[in-house]
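K.L.:
Using the hints, position chain B with the ligand against chain A.
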Amino acid sequence: MREKLSQKVLNLKSSGIRAFFDMANEIPDVISLGVGEPDFDTPWHIREAGIQALQSGKTFYTSNAGLQELRAAISSYTKRKTGLTYNPENQIIVTVGGSEAIDLALRALLNAGDEVIYLEPGFVSYYPCIKLADGVPVPIRLIEENRFRLKPEQLEAAVTPKSKVLILSYPNNPTGAVMEKEDLEALLPVIQKHDLIVISDEIYGELTYGVKHCSIAGLPGMEQRTIIINGFSKSFAMTGWRLGYALGNHEIIEQMVKIHQFAVMCAPTISQYAAIEAMEQGDGDIEAMRESYDQRRKFLYHELQRLGLPCFEPQGAFYMFPNIREFGLSSGEFALKLLKEEKVAVVPGDSFGECGEGFVRISYAASLQNLKEAVNRIFRFLSRYRT
Amino acid sequence: MEQVIREQLLHMLENNSKLTEHEIAIMLGISEEEVQREIAGLEKAHVICGYHTLIDWNKVNDDDVTALVELRVTPQGGEGYQKLAEKINAYPQVVTLYLMSGAYDFLVMVKGKTLKEISLFVSGKLASIEEVQSTTTHFTLTKYKELGVSFEAKQADERMVVTP
Ligand SMILES: Cc1ncc(COP(=O)(O)O)c(C=O)c1O
Chain A
2 MREKLSQKVL
12 NLKSSGIRAF
22 FDMANEIPDV
32 ISLGVGEPDF
42 DTPWHIREAG
52 IQALQSGKTF
62 YTSNAGLQEL
72 RAAISSYTKR
82 KTGLTYNPEN
92 QIIVTVGGSE
102 AIDLALRALL
112 NAGDEVIYLE
122 PGFVSYYPCI
132 KLADGVPVPI
142 RLIEENRFRL
152 KPEQLEAAVT
162 PKSKVLILSY
172 PNNPTGAVME
182 KEDLEALLPV
192 IQKHDLIVIS
202 DEIYGELTYG
212 VKHCSIAGLP
222 GMEQRTIIIN
232 GFSKSFAMTG
242 WRLGYALGNH
252 EIIEQMVKIH
262 QFAVMCAPTI
272 SQYAAIEAME
282 QGDGDIEAMR
292 ESYDQRRKFL
302 YHELQRLGLP
312 CFEPQGAFYM
322 FPNIREFGLS
332 SGEFALKLLK
342 EEKVAVVPGD
352 SFGECGEGFV
362 RISYAASLQN
372 LKEAVNRIFR
382 FLSRYRT
Chain B
160 MEQVIREQLL
170 HMLENNSKLT
180 EHEIAIMLGI
190 SEEEVQREIA
200 GLEKAHVICG
210 YHTLIDWNKV
220 NDDDVTALVE
230 LRVTPQGGEG
240 YQKLAEKINA
250 YPQVVTLYLM
260 SGAYDFLVMV
270 KGKTLKEISL
280 FVSGKLASIE
290 EVQSTTTHFT
300 LTKYKELGVS
310 FEAKQADERM
320 VVTP
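Top line first, the protein sequences correspond to chains A and B.
For the first sequence, our numbering begins at 2 and goes up steadily by one.
For the second sequence, our numbering begins at 160 and goes up steadily by one.
Keep in mind the hints are simulated off the structure, nothing from the lab.
Don't take every hint at face value.
Said to hold, decoys possible - Partner residues are not named here, just some residues of chain B that face chain A (Cβ under 8 Å, in silico):
(1) E182
(2) I189
(3) T255
(4) L258
(5) M259
(6) A262
(7) R318
(8) V320
(9) V321
Just so you know, even glycine gets a beta-carbon here, dropped at the ideal spot from N, CA and C.
Isolated chain A, as found in the complex:
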C-alpha cells in the first residue's frame, strides 16, 4: 500500500507527543502534567447555550465563514480586548479550532518553495502544516537566555529572498514565554524591510500573568500584514468543542474561507452557538481561571526552584519549561524514566523542535493536590539521578 500513498505525507513524522502518549496511557495511576489543555470544565452557562442550541434544533450548516452573529460577537470581543477592529463581513473566519486556522492561513498564502520562518520550541503543528502546504520550514531556535523571546537579529539572520511568512506564537506553548510590546516593536523594521506576512498564534492571549498580552497586529503598519489565530480552547476551556477563528486582511481571509468551504463546509454549529455566549458573557470566567492558573504557576515555580531545577519564570499559557541538562539524560529518557519510576507524565522538550532537547514541558493545569504530589515524586526522582 505504501507506494500508493502521498510521499509528502509519508515523509512527515507523526508528533513525538503521540508516541509518548501511547506509553503514558498504559500505565495506571499516572499524575499527568503532560496535558496541553485546561483542567476546568467549560463554564456551565456556555454549555447551557450549547444545550439550548441543540434543543432548539440548531442542527444545520451555518454560512461557511461562521454564524454572522458569532462573527459579530468575535469582532466586538476583539475590539474590547485589543482595540482592533475587524469587519465581521469579510475579515473573520470561524474554524475547527485554532488548528484549522493555522492550516488554512498557510495554505492560503504559500506557493511551492516559499519559506516560512517559525519558532522552536513551539507548537507541534507549524512544521507539518508548512510542509503540507508545500512551503519550506525555516526554524529559528530560541534560547533560554533570552527567555525564549525572538530577537530582531535572529529574525534577520533567518530571512532569505524566499521568506514570505513569519509565524509568531506568544504566549508560547511549550515555554510559557511572552513577548512584550517593546520586544515586538523591535521586530517591525525587519518584518517591514522584508515584506513578511505574520501569522500570530494568540490562542493563549488571555492567559498572561503580571503582563498584559500585546498583539503584534496592533502595532503601526501591522494590521494589514498580520493574521491573528485565536480560539476558544484555552481561554474558555473549550478544547472539545473544536472551535477557533482567524482575523485579518479580507483578501487573505477570503481565500481561507474558500479552502475551509471545500474541506469542512463550516465549523460545528452547536459549538458556534455556545461560543456566542462565551464571547458575550465569558469575561468573568476568564478572570477566575486566570487567577487560579496564576496561583498554581507561582506555586510550581517556587517548588521547581526549591528542587533546584533551573527554569525561567514563564508569564503566559500554563506551562513551565525547566532545563534538565544536568542529569545527563536526553529529554525523552528523562520523561520516560520519570513516567516509569515515579508515574509522573511530562512532555519531552524535543517534541517541540530540536532545540527543546534538554528541557521538559510541565503543565500546571492540574489540581494543587496533584501538583504537590508530583513535586514530591519529582524530588525523589531528581535525588536519585543527582550525583
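P.N.:
Frame of chain A, contents of chain B with the ligand only:
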C-alpha cells in the same frame, strides 16, 4: 494589603482552609508574615468567622435530620429584627438563619436527631417566641450540594494523559 489580593486570599481559604500560610504566601506572591498578619486581622474583624469541614453525614450515619423553617413574625421596627435574630440564634439547634424578603421573614435551618425532635423544637421553642406569628416546616430529603460543593464525588479527569 491590596483589596484584590485580600479577596484572593479569602477565596483560597473559603475553598480550602487546609492551605498553609506558607502555601498561600507562595501562591499570592507575598511574604508568609504578611499572610499571617492579614489572616489574624481578618479573624479579629470577624471577616473570617470560622474554619469548617464540609461533611456528607449521610455517608456516616443516616439519622441526622434537617429542616428549613419559615417564620412569619409581627412587623418590627428599628432594631427589632436584629434582636429577634439574636433570640433565635441562641438555640444550638439553629445552624443557619437568614432574614428574607417576600412571603415570610426568617428562614431557619434546624438540625436534629429525629423528625420528632425537630417538630418539638419548632412548636415548643420557635413558635412560642412572642413575635412569631406562624411557622412552616420543610424537612430535607437529600442534600446534593452545600456551599458550592457537590456531595457527589468529582468524576475522574477526562483528559488524555499527554496532549500537545
Ligand atoms: C500554540 C497553540 N496553537 C494552537 C493550538 C490549537 O488549539 P485548538 O485547535 O484546540 O484551537 C494549540 C493547542 O494546543 C496551541 O498550543
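K.L.:
All hints are to be evaluated individually against the structure, with a verdict given for each.
P.N.:
Hints and how they fare:
1. This hint holds: E182 of chain B has a C-beta 7 Å from the nearest C-beta of chain A, less than the 8 Å allowed.
2. Annotation: interface hint on I189 of chain B violated; nearest CB of chain A at approximately 10 Å, more than 8 Å.
3. The criterion of a C-beta within 8 Å of any C-beta in chain A is not met by T255 of chain B, whose closest approach is roughly 25 Å, and the hint is violated.
4. The beta carbon of L258 of chain B comes no nearer than 28 Å to any beta carbon in chain A, farther than 8 Å, and the hint placing it at the interface is violated.
5. Interface hint status for M259 of chain B: violated, as the beta-carbon distance to the closest one in chain A is roughly 26 Å, over 8 Å.
6. Checking A262 of chain B against chain A: minimum C-beta separation of about 29 Å lies over 8 Å; hint violated.
7. Proximity of R318 of chain B to chain A holds as hinted, the smallest CB-CB distance being about 5 Å (cut-off 8 Å).
8. The beta carbon of V320 of chain B is positioned within 8 Å of a beta carbon in chain A (closest approach about 4 Å), and the interface hint is therefore held.
9. A hinted interface residue such as V321 of chain B counts as satisfied when its beta carbon comes closer than 8 Å to some beta carbon of chain A; here the least separation is about 4 Å, so the hint holds.
When each numbered hint is compared with the structure, violations occur for hints 2, 3, 4, 5 and 6.
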